[in-house]
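Note that the protein sequences, when read in sequence, are chains S and E. First residue of the first sequence? That's 13 in the working numbering, and the numbers climb one at a time after it. First residue of the second sequence? That's 186 in the working numbering, and the numbers climb one at a time after it.
The hints are simulated quantities; they were obtained by calculation from the structure and are not laboratory data. The beta-carbon is built from N, C-alpha and C at its ideal position, and this holds for glycine as well. You may find that some hints are simply not true.
As the list claims (entries may be wrong) - Label-pair restraints from in silico Cβ distances:
(1) GLN92(S) to PRO299(E): 43 to 51 Å
(2) LEU241(E) to GLU115(S): 16 to 24 Å
(3) ARG21(S) to GLY213(E): 23 to 31 Å
(4) ASP239(E) to GLN92(S): 43 to 51 Å
(5) GLY213(E) to GLU26(S): 24 to 32 Å
(6) GLN92(S) to GLU251(E): 24 to 32 Å
(7) PRO225(E) to ILE50(S): 15 to 23 Å
Residue-level listing of the chains:
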Amino acid sequence: EAGVAQSPRYKIIEKRQSVAFWCNPISGHATLYWYQQILGQGPKLLIQFQNNGVVDDSQLPKDRFSAERLKGVDSTLKIQPAKLEDSAVYLCASSLSGQGPYEQYFGPGTRLTVT
Amino acid sequence: AQSVSQHNHHVILSEAASLELGCNYSYGGTVNLFWYVQYPGQHLQLLLKYFSGDPLVKGIKGFEAEFIKSKFSFNLRKPSVQWSDTAEYFCAVNADNYGQNFVFGPGTRLSVLP
């Protein structure tokens, strides 16, 4: 079974530039999550999708971050414009959905450095 | 809002020593509890989980955790650590049954000396 795929693995940009990250979840997983993990901290949930609908985006900085999952499969997370404090690893995870707390499967992450 | 705390930022042990990593959460209702591990250079992966039933749960690689509802705790244990257990350990809480509201703790870095 293929795992969660993410690209790129690393990205370096200057502040005020824009950047996009891509995630392809495990086949059949209806729920997709984006997390931000700042160095030395645990992952923080940014947004959760159920198929192509948003379930929770309460911690997404909507003035600069956006995410979509148009066909209910892969997803894109965008930052525009980036700030220095956005430097972090951006993790994508997926899980089965429906009632029940299913295990999340994580991708390798994208390490973003904003200079 | 719920929160998760982990008692230790960095734990250093010698091989064969016993391990206990603390995790406490703040939420008064029904919770689902997880321990994830991140080995150097690898993805986050699930060690074990608690949903209901026996509060002592066993996971992979000899790890176990005990849910103590009255203490809002879910501590991770292993009787004898190995060098290969060197990793970052994260406790996570999910406070509903629809997979929403996942909150991770800040993590504990475990270094096992050979």
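Quick rundown of the hints versus the structure:
1. GLN92(S) to PRO299(E): 43 to 51 Å: holds, 47 Å
2. LEU241(E) to GLU115(S): 16 to 24 Å: Because 19 Å falls inside the window, the suggested range holds.
3. ARG21(S) to GLY213(E): 23 to 31 Å: Taking Cβ atoms as reference, ARG21(S) and GLY213(E) lie about 40 Å apart, which means the hint is violated.
4. ASP239(E) to GLN92(S): 43 to 51 Å: Hint holds: Cβ distance 48 Å, inside 43 to 51 Å.
5. GLY213(E) to GLU26(S): 24 to 32 Å: Hint violated: Cβ distance 45 Å, outside 24 to 32 Å.
6. GLN92(S) to GLU251(E): 24 to 32 Å: violated, 45 Å
7. PRO225(E) to ILE50(S): 15 to 23 Å: holds, 18 Å
Hint violations for this structure: numbers 3, 5, 6, all remaining hints satisfied.
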